[in-house]
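Undergrad: Okay, here's what each chain looks like letter by letter:
There are 2 protein chains.
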Amino acid sequence: MTIKETVLTNNLQHLFVKGSFGIEKEGLRTDLKGNLALTPHPEAFGNRKHHPYIQTDFSESQLELVTPPHETLQEQYQWLKALHDVVNRTLDKDEFVWPFSMPNRLPKEEAIPIIDVSDKSEIEYREQLASKYGKKKQMISGVHFNFSFTEEFIEALAQDHLTEEETADLCNEMYLKMSRNFLRYQWLLTYLFGASPVSDDTYSAEESNTYFRSIRNSPLGYHNTFSNKVSYQSIRQYAEDIETLVDDKTLIEEREYYGASRLRGKGKMVRDLISKGTRYVEFRSFDINPLDSLGFSYEQSQFTHLFLLTMIWMERDHSDKEIEEGAQMNKATALENPFEPSQFKKEGIEILNLMSETASELKMEDSYHQVIEKAESLLENPEQTLSAKIVTELKKGKSHIQYGIELGQQYKQTSFEKPFLLNGFQEMEMSTQLLLFDALKMGVETSVLDYNDQFLKLSYTNKVEYVRNGNMTSKDTYISHWIMANKTVTKKVLKNAGYQVPGGEEFTSEQQALDHFVLFRDKPIVIKPKSTNYGIGISIFKKPASLDGYTEAVRLAFQEDAQILVEEYIEGTEYRFFVINDKVEAVLLRQPANVIGNGSDTIEELISEKNKHPYRGVKHRAPLEKIKMGEIEQLMLKEQGYSFDSILEKGKQVFLRENSNISTGGDSIDMTDEMHDSYKQIAVDMAKALEVKVTGLDLIVPDINKPSASDHPGYVVIEANFNPAMHMHAFVQKGSGRNLSEKVITMLYPSIELS
Amino acid sequence: MTIKETVLTNNLQHLFVKGSFGIEKEGLRTDLKGNLALTPHPEAFGNRKHHPYIQTDFSESQLELVTPPHETLQEQYQWLKALHDVVNRTLDKDEFVWPFSMPNRLPKEEAIPIIDVSDKSEIEYREQLASKYGKKKQMISGVHFNFSFTEEFIEALAQDHLTEEETADLCNEMYLKMSRNFLRYQWLLTYLFGASPVSDDTYSAEESNTYFRSIRNSPLGYHNTFSNKVSYQSIRQYAEDIETLVDDKTLIEEREYYGASRLRGKGKMVRDLISKGTRYVEFRSFDINPLDSLGFSYEQSQFTHLFLLTMIWMERDHSDKEIEEGAQMNKATALENPFEPSQFKKEGIEILNLMSETASELKMEDSYHQVIEKAESLLENPEQTLSAKIVTELKKGKSHIQYGIELGQQYKQTSFEKPFLLNGFQEMEMSTQLLLFDALKMGVETSVLDYNDQFLKLSYTNKVEYVRNGNMTSKDTYISHWIMANKTVTKKVLKNAGYQVPGGEEFTSEQQALDHFVLFRDKPIVIKPKSTNYGIGISIFKKPASLDGYTEAVRLAFQEDAQILVEEYIEGTEYRFFVINDKVEAVLLRQPANVIGNGSDTIEELISEKNKHPYRGVKHRAPLEKIKMGEIEQLMLKEQGYSFDSILEKGKQVFLRENSNISTGGDSIDMTDEMHDSYKQIAVDMAKALEVKVTGLDLIVPDINKPSASDHPGYVVIEANFNPAMHMHAFVQKGSGRNLSEKVITMLYPSIELS
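Protein sequences, first through last, are from chains A and B. FYI, my numbering numbers position 310 of the first sequence as 1688, with every residue one higher than the one before it. FYI, my numbering numbers position 719 of the second sequence as 2097, with every residue one higher than the one before it.
For the record, the hints were derived by calculation from the structure and aren't laboratory data. Do not take every clue at face value.
Where chains are identical, the list cannot tell them apart; a pair therefore holds if satisfied intra-copy or between any two copies.
Claimed, not checked - BS3-like, lysine-lysine: derived pairs with alpha carbons at most 25 Å apart:
#, residue 1, residue 2
1, 1396, 1870
2, 1961, 1841
3, 1459, 1835
4, 1835, 1873
5, 1873, 1841
6, 1646, 1865
Please model the entire structure based on the sequences and the hints provided.
TA: Next comes the structure, spelled out in structure tokens:
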């Protein structure tokens, strides 16, 4: 039975159309003038020895982004987007990623830097490649599309209990057929997606006005000239042919075999494929799409996926000779004029028809049909192909270099529009997005175990850690969470440990609270429900309360909760101390929503201007919230003798809210460096007393310059928060942002190598 | 200004009536024949060096229960009750606590064992006491009532900012006045509460038919004969007088001074009182009340509290000479015939009137007035006093020893009526009650930080640990909790670590689930909503499902949740493995509610009989729930061809429920010893994979005798529970109960010394 028949007989269509997808995308680091950046690989990306996502290929300047395998293209693109954000935001401000397959402005051959890594054999291999092919050819960059069927599908195919070996044979036969037909028909992909029509003078001295579909896929690009020496008719032959090429020194190592389809297995050696089977196939012929910020569009991936499925689904199959013919057709296509129709157009239409049938028979999503329609249109209209579009733009008078600078800079810029979000993961909590960003950057292997729960699995040098909500980890204990979740318990623990907590009492009845009035009658006090946080039911007496005032406030508080707290009121400013791993990594002052006059604008105009700040958004999708112009703000202005229409004198600050919450338009001001160290030490010691590694402590400190001392504690601690927000420290209205998520990672992996 | 005036002027009445209360109660361990138990102090009570609650006094057989100081009498009694439960349930089954002050049947003088502790100086001191007073006198037991005002009150009194020394003076003067008047009027307490009318022949050879109010308070009891040599007029004089008694060898050590009122301070030496002030006062004249299971009734404590307040509140004050007079009046009262009126009745009425005024002026609870009324009645009716009541009982022909055995055994028995609850803390969760029990038993200092949150603070050799809900501790990590809280994440973690989890998939739409039917069509499966636990929306297909059956089950599951799981169904019995600290400490099998026939009773009668088991209760206030006779049970019987009226043949087991939950009347069967070790090892390893110290793992094990092996895993893990219930393992329907709370304590304090 053919695979197709097995799938149909067993009703496995829905599993057949699933896959495990991975993309590897190279890209040259480039300076602002379009030259190859000669700087070292950024240290912020950590150690390349461990990095699963951000690597270098031949050259120190040649970035390679590797997405982890995922079962849907959607997920695949989440990671591809995220990796682009990570790279764009982390690269030196004077560098960007070159958007073309054909290189940027290269220096002289000898000045092109080979990778500088600790493994000497890796460098040696590149040096051999350099002397064999020349360095410049190695600088051509591309996209590899990795595909395998899911384990579920393999399992379902093998459900009549095949042996391990029989399953390996089955996989090999599937992927070999896919490869044979791919190699035979790859020219169509080059026609559609070829995107390397020209090169810079520094790549090739030959002056030429000729445009191509794909220099990279052409004999002018970088090819093994011996791909016809490897058979795809059986796995044994495939493996032995590659081994022979190594034995007779045609290849330096097996990995030098750059066939457009490369079978990959569990083991490192090609021979392992025979016994263990093919696990996935690397398709390597894709140019970088310079018109997509990710270098390969989602539609291209969809088309490629369907193309690959069709390669199995079709009845046709091909001999090695026909494969070689396919390779020639691909080269011929690559050398075609982008504006001319394909010389193989008729076959192209056939293939698209087969793809269309495949999609229908497999009941694939509509979008798959749409990409076929698009391809049909491109076969009819060559001027719409990628290569033709690029040439059209160049013909307006731009050089390859100029165009590359323009596109590359533009793509980099998009990653800075909302620097607090991580493209691909924008639906997650901001703190989790920040942590993901740093994990990807630093080379920590990461997967999302549960999106709704913000549950990540991290792994670095095989040490697994789990993180929930950005900073809930194995480093904190179960009980410390519960201590902080209970304000009274927190206060008892901190007080017992000798820290300044507001004096006060918890009451469970009005009478009980009234009986204790004497304790409070000569002090400023706060009366509040035990369990609310939002200001409801809270009364503040900055001067000692009268019995009447006290009685009324107690009554109000009991309307909100069955337990109330009467606490000393401490005058002074409240600061959030963010403690991670026994260190205060950030101190934040939050100010109520406010504007400062300029002598000409109305308050409404000032608000509107302030709200334009990129950090201000709505509904917790940004580190700061836009200031509202509602009733509360209006009332607050009125009390101060203003309206939204008042023109505010220059330098005059007007508050629009009493409360300093960020969620009601408050400002965040970083005070990490300004806060006296003695208070930071106290915060660290309190975290230790609570036996907690990550906490946000709210302290009132009347004078941050006057050191705390035994006869002048100079602070009082109001609250200890578990799972404190990190984003509000990272992106502040004023002062330096503090990267706390990175500190979470270094807490989990102290050995991680940092810049 | 007097204290009274200060209190009234400053409106401090409500603080004045508060206090910090502590009770120390001695009691001789006794064998079933009424003889002094000559066994060592039970090892289960741990090391007496650290034990804050369960101590010994003079003799190895003389238990001393010490309650921690608490701010209300209610709390005081919680601890007193709990300590009695702990002692009663822990003592050897052939021993009980003697309920009288006058000793049980004593052996010869030389056979009475002095305490056997590691500190030699403690033993030496007792040996000196023995040779000075004779051992038998030391065996008289009593109750000490410790009292101080609250820190709040002292703070409020000192609110015009007294120096530390002035505050010390103030406290000393208050407690001295309290002591002077107490000593002057103590005879009234002896009249009311005296309860040692007789002694056994082994205590005193003198044959006598005379009954007394209190042998213990009389010259026949155990007294220092030099109490008149210590002045209570100033703290300096008090301290120096005691020092002089030690210097001239009248006293062995300061602590030998056994005044009926003893001032206690911060330091160990009496001299420290001068500079640091009195912190509390020990009132030592109380006989054990044999008619109360705790040895001192709540009403006695209330009376004593009010009596002490009145001693300060009254204008009267007394010289040392008058105090000495008071001591003589107390001895005279002690020697009175219990059935005769007091010779000081008139003064007694005066004191009660003063107490009544005090209670009124301080607006104390009604119950305080009630205890005064009771006392008034006792002054009028001496035959109603404790001593007279005891004598009345003895006159019926019981010996002191017989009566003591009767009462002591009865009190011990009450602690076994509900052995899964801890008297005083019965409103807390059962697991927390069990933990409290073991903490008190093992000598871990314990306080309840929050009753509603089941939040305990433990301390042992100064190492503090917090526990919530019985087993949530610092030994588990924050993240392990969240892993277990998410079933899908738990499954992923366990599967990745190589354990057998039911194969299956999570689906988010009906279509998606239907598309995957092929994966399940040849296996038994369970289809269930992701987030429910109670059986709702779950379908089980023990034989492979038809597409129609599968479709319907998917639809039902989606009615309950937006995500569903389709999992392999594993045939076999489910066991709960309770892992603590890398060891399986209990394995439990839960069986659905059932009865077994005896050939004569109806099912209704069998249920009723089974429900009489003391472990069966309602609404989670017992380890097992009573079997209900509701519609579900009726239906289940009907399906098996029975009704509640059916008479069941002998040995026939009939189930009344499908589900095995304890909460619906299920049985708990301990299988810890029966389960093959290989599965226990797997459970331990899984807990390690989850990085958790306390977890309840639910495993299906088809054959508990056939060892797990690589080619026969023999189990599948269904769930990992955080904060698993402990009580259902401790009190089981069948098999041995397992004490898990003790294991929690030894996990927290590995150094704790155990029997």
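Undergrad: Could you run down the list of hints and mark each one as holding or not?
TA: To see whether the hints hold, each was checked on the structure:
Taking the closest pair of Cα atoms, residue 1396 and residue 1870 come within 25 Å of each other only across two copies (21 Å); inside a single copy the shortest separation is 56 Å, beyond that limit. In this homomeric assembly, residue 1961 and residue 1841 come within 25 Å of each other (Cα to Cα) both inside a single copy, at 24 Å, and across copies, at 24 Å. In this assembly of identical chains, the alpha carbons of residue 1459 and residue 1835 lie at most 25 Å apart only when taken from the same copy (19 Å versus 49 Å across copies). In this homomeric assembly, residue 1835 and residue 1873 come within 25 Å of each other (Cα to Cα) only across copies, at 14 Å, whereas the closest approach inside a single copy is 37 Å.
Taking the closest pair of Cα atoms, residue 1873 and residue 1841 come within 25 Å of each other only across two copies (17 Å); inside a single copy the shortest separation is 38 Å, beyond that limit. In this homomeric assembly, residue 1646 and residue 1865 never come within 25 Å of each other (Cα to Cα): the closest approach is 56 Å inside a single copy and 36 Å across copies.
Hint compliance for this structure: hint 6 alone is broken.
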